[in-house]
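> Sequence:
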Amino acid sequence: MSGLPLGMSPEDLLRLAGNMTQEEILGMIQILPYDQIIQIPAGLPPSGTIARYDDPPRRDALSIAILVICTLMTIVAVGLRIYAKAWCVRMTLLEDYLGLGSFIAQMIATGAMCAMVAERLFFVHLWDMRFGELERLNYLMLIFSSAQAIVMILIKSAILWEWIRIFVPRRKRGAFYYLGLFTLVINICCNVASFFTLHFGCNPREKLYRVWLPGTCIAGRYQSYVVLGVFGLIGHLMILLLPQPIIWRLYLPAKRKLGISVIFSFGILACATASGRLTWIIQMDYVNDLTGGGADWPYDISTLVIWGIVEMMCITLVFCVPAVPRIFTQSVTILPMKRAKRSSKSSKLQDSTDTWPLTVLPPTQNKSYQKMSDGKVQGQDASRVGSHVSLGNDGYHNGILKVVEITMEEEQVSTISRDGLLPAQHPWDIKPN
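Just so you know, full-length UniProt numbering puts 427 at position 427 of the sequence shown, and the rest follows in order with no gaps.
If you are wondering where the hints come from, they were derived from the structure by calculation, not from laboratory data. Any given hint might turn out to be false.
[Said to hold, decoys possible] With a straight-line Cα cutoff of 16 Å, these simulated EDC-like cross-link-like pairs (lysine to aspartate or glutamate) come out: (1) Lys207 - Glu162; (2) Lys85 - Glu135; (3) Lys172 - Glu162; (4) Lys85 - Asp96.
Turn these sequences into a full structure, and let the hints steer you where they fit.
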């Protein structure tokens with residue numbers, strides 16, 4: 001059989017299947033040419049429903065609104081972090097490059113969702129699609145899911161690595177270090193397994209998006225998505241809970257502890273979205289029922305994409321928000337630094353123009369300074385500095401010779417041992433139990 005019987009439409013062929021099983025229908029479709037297969041309806045509509053292939057009902061307004069909000073929030077958050085690290089702090093580390101790679105992958109996932117909406121494949125029922133549209137939807141879903149797996153590998157690794165660096169400054173092998181490292185490794189393993197399952201779950205691989213092709217797929221492939229969703233939720237919970245005990249044991253006022261705790265609590269949003277996504281995965285019916293028996297997974301999978309795009313935005317906020325306060329704290333010193341630079345330049349300019357001073361300043365008086373410390377150290381006249389300017393013996397021939405004499409005397413009385421001062425050497429040191 002090289003094509004459809006004369007005068008028979010693709011819809012007639014599908015209805016002709018009658019009480020045939022899905023495997024029998026696919027066997028009948030597989031012998032047709034590709035250009036005819038893509039015109040066959042992907043499923044029969046329920047009783048009393050009319051299929052609308054050319055202009056199916058959709059929810060474009062909701063889809064576009066969520067897409068725009070998530071994209072803008074992600075771009076703003078990433079932009080603020082880049083500004084804080086590259087301009088204010090002027091230091092980039094490994095986690096910053098991981099976060100940048102995650103942002104690129106997230107934009108690829110966003111592009112795949114944009115294509116679904118633009119090509120009228122988003123929130124479309126199975127019976128309003130032909131095999132051509134179904135193939136395109138499956139292909140875009142493969143791109144979206146692959147990019148999402150890469151995002152989770154990179155962004156969670158960046159978060160956990162940065163928090164290990166912040167909260168374990170001396171690389172103490174404590175509970176935080178090992179739990180963070182364990183969560184990082186489990187996250188990488190789970191998402192790498194998800195990536196390979198997506199791409200090599202069927203043989204031939206084209207069957208991943210051309211469901212009518214003969215071949216086999218891994219048994220329980222969709223159940224593995226549930227397991228991966230559970231591990232993803234556990235990873236979010238670990239990211240949320242790990243820093244909290246250390247934050248509340250810092251040598252800081254309670255109000256400031258609360259502020260820091262809130263900054264590191266954006267993981268609540270990631271946990272909520274991951275829970276919603278996992279619930280939807282469990283409820284979905286992935287069976288591509290060509291007989292109109294009730295499964296409508298192309299419509300349901302659009303909701304799953306929405307959960308995924310929101311989850312990626314939330315976990316990006318978890319990574320970016322802790323760096324935002326540096327913009328405001330660092331900006332306090334930017335203006336004085338600029339003024340100091342201008343003052344220094346003007347001073348140098350004046351020194352270069354004044355080739356010969358009219359007067360010589362008298363020696364400055366000795367000054368006393370109080371030496372301060374974060375510990376309970378009592379100090380008195382910790383140092384005395386004296387300086388004077390004198391004219392050389394042959395000043396007219398050799399110019400003015402500037403001689404600075406500095407005398408320092410240091411006296412320190414401390415009631416605290418060296419070990420007692422160690423906790424004040426790093427702002428993240430915690431109270432002893």
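> State for each hint whether it applies.
So, going through the hints one by one against the coordinates:
At most 16 Å may separate the alpha-carbon atoms for a hinted pair to count; Lys207 and Glu162 exceed this at roughly 40 Å. With a CA separation close to 43 Å, the supplied pair Lys85 and Glu135 exceeds the 16 Å bound. With a C-alpha separation of about 15 Å, the suggested pairing of Lys172 with Glu162 holds against the 16 Å cut-off. For the given pair, Lys85 sits about 8 Å from Asp96 by alpha-carbon distance, which is consistent with the 16 Å threshold.
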